[in-house]
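Listed in order, the protein sequences are those of chains A and B.
At position 537 of the first sequence (counting the first as 1) the number is 537 in this note's numbering, and the numbers step up by one without a gap.
At position 179 of the second sequence (counting the first as 1) the number is 179 in this note's numbering, and the numbers step up by one without a gap.
These are calculated hints, taken from the structure and not from any lab test.
Small disclaimer: the values here were computed from a predicted structure and weren't measured.
Heads up, some of the hints might be wrong.
To be verified - Covered stretches of chain B, as calculated for chain A (at least 3 residues, CB under 8 Å):
hint	stretch
1	89–98
2	210–223
3	232–239
Claimed, not checked - If you want the footprint, here are the derived chain A segments under chain B, 3+ residues with CB under 8 Å:
hint	stretch
4	122–130
5	226–235
6	486–497
Don't be surprised by glycine CBs; every beta carbon is placed ideally from N, CA and C.
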Amino acid sequence: MAGYNKVNIIAQATPLIILGTFLIYPVIRVTVLGLLSETGMPFAESIAYNWSYIEFTILQAVLSTILALIIGLPGAILLARLKFSGKNLVRALIIIPFVLPPIVVVVGFLQMFGQYGIVDSALMWILQSSDSVLNLATDIPGIILAHTFYNAPLVILLVSASMERINPEIEEAADLLGADAKQRFRRITLPHIMPSLIASAILTFLFCFMSFPIVLAFGHGSYRTIEVQIWNAFRWADYGQASSLVIVQILFTLTLALTYVRLGRNEGERSSPTSSIKTTTLRSYKSSEIFLIILYFILMLFLVAGPIASIIRAAFFDPISKMYTLDGFLYLFNTDAGGGFRPLVNSLFYSGLATLLSVGLGIPLAYAHRSKTQILPSLASMMVLLPLGVSSITIAYGLMTAIAVPTGLNINPWPIIVLAQTIIGLPFTTRSIEISLRSIDSHLIDQSDSLGASSLQRLFFVELPLLAPGILVGAVFAFAMAIGEMSATLFIALPQNFTLAVAIYDNLGVRKFVEAGASALILVIVCVMAFLAMDKVSEGSVGGAL
Amino acid sequence: MVIIGVAEYPVRRNPQILIGAAVTIVIIIVAWYGVVTWWKPRFVIYTYSSFMEWGDDGAEVVLERAFASFEEKYGIDIDFVILEGDANFIVSRLNAEAANPIADVVIGIDNILILQETARNVLEPYTSSNLGQINETLVNLLDPDHYLTPFDYGLVTLIYSMNTINTTTHPQLANLTFADLASTELSSALVTEDPHLSSPGLSFLLSQIAVYDKILHEDWTAWWNTVKNDVDVEEGWTEAWSAWSSDPTKHLLVSYGTDPAYSAHYLGTAPDTAIAPFYYNGDHWAWMQVEGMGLVKNGPNPQLGKAFIDYCLNASVQQEIALNQWMFPVRSDLTLPSVFQYAIHPDEISLLNTLLNSTEIASNLQNWLMQYDTVMTPG
Numbered sequence: 001m002a003g004y005n006k007v008n009i010i011a012q013a014t015p016l017i018i019l020g021t022f023l024i025y026p027v028i029r030v031t032v033l034g035l036l037s038e039t040g041m042p043f044a045e046s047i048a049y050n051w052s053y054i055e056f057t058i059l060q061a062v063l064s065t066i067l068a069l070i071i072g073l074p075g076a077i078l079l080a081r082l083k084f085s086g087k088n089l090v091r092a093l094i095i096i097p098f099v100l101p102p103i104v105v106v107v108g109f110l111q112m113f114g115q116y117g118i119v120d121s122a123l124m125w126i127l128q129s130s131d132s133v134l135n136l137a138t139d140i141p142g143i144i145l146a147h148t149f150y151n152a153p154l155v156i157l158l159v160s161a162s163m164e165r166i167n168p169e170i171e172e173a174a175d176l177l178g179a180d181a182k183q184r185f186r187r188i189t190l191p192h193i194m195p196s197l198i199a200s201a202i203l204t205f206l207f208c209f210m211s212f213p214i215v216l217a218f219g220h221g222s223y224r225t226i227e228v229q230i231w232n233a234f235r236w237a238d239y240g241q242a243s244s245l246v247i248v249q250i251l252f253t254l255t256l257a258l259t260y261v262r263l264g265r266n267e268g269e270r271s272s273p274t275s276s277i278k279t280t281t282l283r284s285y286k287s288s289e290i291f292l293i294i295l296y297f298i299l300m301l302f303l304v305a306g307p308i309a310s311i312i313r314a315a316f317f318d319p320i321s322k323m324y325t326l327d328g329f330l331y332l333f334n335t336d337a338g339g340g341f342r343p344l345v346n347s348l349f350y351s352g353l354a355t356l357l358s359v360g361l362g363i364p365l366a367y368a369h370r371s372k373t374q375i376l377p378s379l380a381s382m383m384v385l386l387p388l389g390v391s392s393i394t395i396a397y398g399l400m401t402a403i404a405v406p407t408g409l410n411i412n413p414w415p416i417i418v419l420a421q422t423i424i425g426l427p428f429t430t431r432s433i434e435i436s437l438r439s440i441d442s443h444l445i446d447q448s449d450s451l452g453a454s455s456l457q458r459l460f461f462v463e464l465p466l467l468a469p470g471i472l473v474g475a476v477f478a479f480a481m482a483i484g485e486m487s488a489t490l491f492i493a494l495p496q497n498f499t500l501a502v503a504i505y506d507n508l509g510v511r512k513f514v515e516a517g518a519s520a521l522i523l524v525i526v527c528v529m530a531f532l533a534m535d536k537v538s539e540g541s542v543g544g545a546l
Numbered sequence: 001m002v003i004i005g006v007a008e009y010p011v012r013r014n015p016q017i018l019i020g021a022a023v024t025i026v027i028i029i030v031a032w033y034g035v036v037t038w039w040k041p042r043f044v045i046y047t048y049s050s051f052m053e054w055g056d057d058g059a060e061v062v063l064e065r066a067f068a069s070f071e072e073k074y075g076i077d078i079d080f081v082i083l084e085g086d087a088n089f090i091v092s093r094l095n096a097e098a099a100n101p102i103a104d105v106v107i108g109i110d111n112i113l114i115l116q117e118t119a120r121n122v123l124e125p126y127t128s129s130n131l132g133q134i135n136e137t138l139v140n141l142l143d144p145d146h147y148l149t150p151f152d153y154g155l156v157t158l159i160y161s162m163n164t165i166n167t168t169t170h171p172q173l174a175n176l177t178f179a180d181l182a183s184t185e186l187s188s189a190l191v192t193e194d195p196h197l198s199s200p201g202l203s204f205l206l207s208q209i210a211v212y213d214k215i216l217h218e219d220w221t222a223w224w225n226t227v228k229n230d231v232d233v234e235e236g237w238t239e240a241w242s243a244w245s246s247d248p249t250k251h252l253l254v255s256y257g258t259d260p261a262y263s264a265h266y267l268g269t270a271p272d273t274a275i276a277p278f279y280y281n282g283d284h285w286a287w288m289q290v291e292g293m294g295l296v297k298n299g300p301n302p303q304l305g306k307a308f309i310d311y312c313l314n315a316s317v318q319q320e321i322a323l324n325q326w327m328f329p330v331r332s333d334l335t336l337p338s339v340f341q342y343a344i345h346p347d348e349i350s351l352l353n354t355l356l357n358s359t360e361i362a363s364n365l366q367n368w369l370m371q372y373d374t375v376m377t378p379g
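So here's chain A without its partners, still in its complex pose (with noise of 0.2 Å):
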């Protein structure tokens, strides 16, 4: 038995060591390098000089979270409270748009809320106007409007799930005691839900506080975040001034994951699965509140729905000759240096081996979360929160400095990319294995023991089946997350690794529309297949993973 244990614990520390190889060393020598070097900025004067940056960074991530939350909460009580047919496939649906990578979500907005775009033609139309009347896909509205798409479902997801928890005894009692609907909801409904409320803004303002191909694109570099301005700062070589912003930037990132992570032990703790909230069909409202259900409901299609449709007409709409065309496509099978089939096969293949090395790396670090060692758990979640709150060119840049130049990597820089691809999925796979591997029962694993299992046996017969439904969503997770990773794909490439992604961002560039919309539109379908083949198998489990 203590043998079988020393092999467990290597199997856990294995992880551990890869990412401290390919996370830690690469990011801490890059960084304290950086201020070392004494080329660019020293600290004081970095952050005196990007401090309009800095307040930036804030004031967008507070506005898009304030945002997100006013859109959100309505969907998340209705989600919660009404009862509906196909309640299960909305809720399904509403977790496609974080299995979107940003660039592409940019093309949606450019083609639904831009210039020429499905909203402004409309408006051309009825105001019998030439000129573009208004462009939302643009600036801070763009900015905003762009992470609320994000951030609104992630909201509702949260919320709502844990809104159907409460105890409808409670509810019936405080009926009985003469409360009103105001009352109940700021007595009841809200207590129990501020928790989840807490956790789905600071998830909020952690995304939009590290957002970067929204901000690239829709800022044209006059609106810039600090993760922006970490890119500008390694492309001009002042590494003392990327030094400086990635210190500040994991200061403010590791103080909010770490709040998450706490809020989420206690609510893990306090929830209790088996009530459920009293629920009320659409009938039994006031016909000025199914006024207002409608409303939001029609809101929702045009904000989240809206531009990932729109995404179709831009793959085949040239808004520079207004004629619809197959150029993107045609694009996307060519095969020559600057076609878009390298992309392509670069993108699945980049993706398909950081999906496979997520999951191997995922199942061992969700296991080092329960073990009885003292060490190992919290090693492994702070490992594991790391990408979340460290940015992703910086993970790039070590990664290039400290593992491709001393390796000669960096002419063919294949596994670098796929390398930081993982990294940057990984906190979303361990998550959603350690939660799947929370709910075994322990009583199992005893019984495959005691009928004589070998070990490897027990794991691939007994508990990787009861895992994989959690493993499922977290390889699409990882897949999701590589597939549409632009940042440190964009800094490690060389134009033979260009992604799809990155081709995108690329061809947005020289405005070649067409070309982005197209593959643009193959990222959607990729993505959004990989989502339903892990829906069908994990039967709807998957929000738990956020």
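Keeping the supplied structure of chain A fixed, place chain B upon it in accordance with the hints.
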């Protein structure tokens, strides 16, 4: 009874075979990809994305034609690695790789970038034996310390498409000043490039600073303050060119004085692109950009790198520059194509470079860029 028992509880085989098969398949796929993309040690040149890309044949054909005899003589394959973005990114990449460089030569660092410490840190000075074939003023304008050897040069200036605006509709284009350009009508039609990331963008910023600081003796940031909400600043030259050529509201572009020649070449007639150099004190002014080649410090093949730089000054390479790179070759003994009569030549114009000496640029560049950022940051 035993038979039924087996059917109900099928004996699971040991999973080793299954794992083995899966691992083998993955290894085969990865190995196949690795072999297909395997990088054989070659001779690496770093350059930027539009290098030799704008001719009739495309970069691949041109580079093959120009360098075939070099490859044959030394028995090597030249790998032109195109780094996404403009020259600044090449410098930062070389810095990142300084511990173990893979490139031997870099093409595209210009007479402003080389003034930065970070660029000099990664290059090795080299005086080419073919330098005698180049006009000495070019060598001195680029880099008297020979960290760089001139490859080509051109004038950075404003261009416009005559189909949309011209000197009849806008007479000020003939003798353009920055004050003219600050009008909402012209500034919202202007596309330029980010001076942090793009060499023509930086040339334009320095042009503007030279005019305001040395000719007008005014605060240069005031002009940017006036235009900051209207002017379109794109990431690099390629992006700016696309915006200018496809957006019907954009008429003016910060580009090169050779663009009318490019336009004439493709139209087969007189050009429809014209240039609008700045006009002050009775002279037309433009910024001269000299693009250089540098030997990478501690590169793997220094002798080959030097031979390559020498070779780039041969006629076989230099004669490709005019019609593929749309710059002037640094060798003055070559006959330029006839369409270059439409290009503006350096001897027809006053150089803004003469107003800002290199010491002044070197000591102020970072400050200027920071001031530019302060002005251009919204809010």
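Taking the hints in turn, this is what the structure says about them:
Note: the stretch 89–98 of chain B has 6 residues with beta-carbon separation from chain A under 8 Å; the three-residue rule is met and the coverage holds. For the stretch 210–223 of chain B, the stated coverage by chain A is not satisfied: 0 residues place a CB nearer than 8 Å to a CB of that chain, which falls below the threshold of 3. With a cut-off of 8 Å between beta carbons, the stretch 232–239 of chain B has 6 residues touching chain A; three or more are needed, and the interface restraint holds. Coverage of a stretch by a chain is defined here by at least three residues with a beta carbon nearer than 8 Å to that chain's beta carbons; for the stretch 122–130 of chain A and chain B the count is 0, and the condition is violated.
Evaluation of the coverage hint for the stretch 226–235 of chain A: fulfilled, as 3 residues show C-beta separations to chain B shorter than 8 Å, against a requirement of three. Requiring three or more residues with a Cβ within less than 8 Å of a Cβ of chain B, the coverage given for the stretch 486–497 of chain A holds, as 5 such residues are present.
Comparing the model with each earlier hint shows violations of hints 2 and 4; every other hint is respected.
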